[in-house]
Amino acid sequence: QQQVKQSPQSLIVQKGGISIINCAYENTAFDYFPWYQQFPGKGPALLIAIRPDVSEKKEGRFTISFNKSAKQFSLHIMDSQPGDSATYFCAATGGSEKLVFGKGTKLTVNP
Amino acid sequence: SQTIHQWPATLVQPVGSPLSLECTVEGTSNPNLYWYRQAAGRGLQLLFYSVGIGQISSEVPQNLSASRPQDRQFILSSKKLLLSDSGFYLCAWTQSLNTIYFGEGSWLTVV
Chain G
1 QQQVKQSPQS
11 LIVQKGGISI
21 INCAYENTAF
31 DYFPWYQQFP
41 GKGPALLIAI
51 RPDVSEKKEG
61 RFTISFNKSA
71 KQFSLHIMDS
81 QPGDSATYFC
91 AATGGSEKLV
101 FGKGTKLTVN
111 P
Chain U
1 SQTIHQWPAT
11 LVQPVGSPLS
21 LECTVEGTSN
31 PNLYWYRQAA
41 GRGLQLLFYS
51 VGIGQISSEV
61 PQNLSASRPQ
71 DRQFILSSKK
81 LLLSDSGFYL
91 CAWTQSLNTI
101 YFGEGSWLTV
111 V
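Those protein sequences? They're chains G and U, same order as listed. Counting from 1, position 33 in the first sequence corresponds to residue 33 in the working numbering; the numbering is continuous, with no gaps. Counting from 1, position 68 in the second sequence corresponds to residue 68 in the working numbering; the numbering is continuous, with no gaps.
One should not assume that every hint holds.
[Stated by the list, open to error] For lysine-lysine, the following DSSO-like pairs were computed, each having C-alpha atoms within a straight-line distance of at most 30 Å:
no.: 1; chain 1: G; residue 1: Lys103; chain 2: U; residue 2: Lys80
no.: 2; chain 1: G; residue 1: Lys42; chain 2: U; residue 2: Lys79
no.: 3; chain 1: G; residue 1: Lys98; chain 2: G; residue 2: Lys71
no.: 4; chain 1: G; residue 1: Lys98; chain 2: U; residue 2: Lys79
no.: 5; chain 1: U; residue 1: Lys80; chain 2: G; residue 2: Lys42
no.: 6; chain 1: G; residue 1: Lys5; chain 2: G; residue 2: Lys103
no.: 7; chain 1: G; residue 1: Lys5; chain 2: G; residue 2: Lys57
[What the hints assert, rightly or not] Negatives, chain G to chain U, calculated, CB over 10 Å:
no.: 8; residue: Asn67
no.: 9; residue: Ser69
no.: 10; residue: Leu99
[To be verified] If we take Cβ atoms under 8 Å as the criterion, some of the chain G residues that face chain U in the derived model are:
no.: 11; residue: Phe39
no.: 12; residue: Gly43
no.: 13; residue: Pro44
no.: 14; residue: Ala45
no.: 15; residue: Ile48
no.: 16; residue: Lys57
no.: 17; residue: Lys58
no.: 18; residue: Phe89
no.: 19; residue: Phe101
no.: 20; residue: Lys103
no.: 21; residue: Gly104
Hints were generated in silico from the structure; no laboratory data involved. No residue lacks a Cβ here, since even glycine has one placed at the ideal position from N, Cα and C.
Full structure from sequences and hints, please.
In structure tokens, the structure reads:
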């Protein structure tokens with residue numbers, strides 16, 4: 001119930017391609033789903049977040065897609081750039097539950 | 001605006017030596033405070049969290065401890081470090097259960 005399952009563990013994409021990272025959850029009390037971006041040697045930083053009342057949220061090249069019935073959400077990075085190379089964490093929280101993180105996806109964008 | 005400071009940024013400690021990592025948050029009051037550990041290339045492991053002065057909850061039993069002597073100060077300690085304590089330690093804060101803000105992290109190498 002507390003887990004957020006994230007896949008893939010690592011991802012290699014060519015510059016200009018689309019990066020897709022998927023997450024799934026079980027706890028139906030979760031109602032806030034943020035994504036964090038972490039560069040090597042730095043703390044994670046909030047990238048984008050979504051609530052389940054919308055199916056998609058877009059900020060620049062980053063889009064979250066949310067499927068409430070399937071209890072899945074995903075991060076799409078359009079026109080991926082080498083500067084997007086980082087580790088991405090999905091997370092979920094809701095009700096009285098603390099933020100639960102996925103295990104992370106290491107994205108490498110080749111030039 | 002709120003900021004979080006964490007130090008030292010890096011340290012190398014011998015096995016059996018004590019540890020003290022300090023974190024302070026500015027620009028907010030009564031934050032929830034967290035200590036996370038991230039082993040190399042791994043996910044985020046919640047170690048401790050605090051909802052107020054002197055209130056500490058431990059998520060994982062280990063030889064580490066945490067204290068919150070002031071509202072915006074959070075300290076991670078150990079009396080005797082183990083090799084397995086090596087990792088990237090992150091302090092974080094939040095005013096709600098939703099978005100967590102991380103510090104820059106402290107690299108600990110136990111030799």
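Inset, instruction - Taking the numbered hints from earlier one at a time, note which ones the structure violates and give those numbers from smallest to largest. - result: 10, 11, 15, 16, 17
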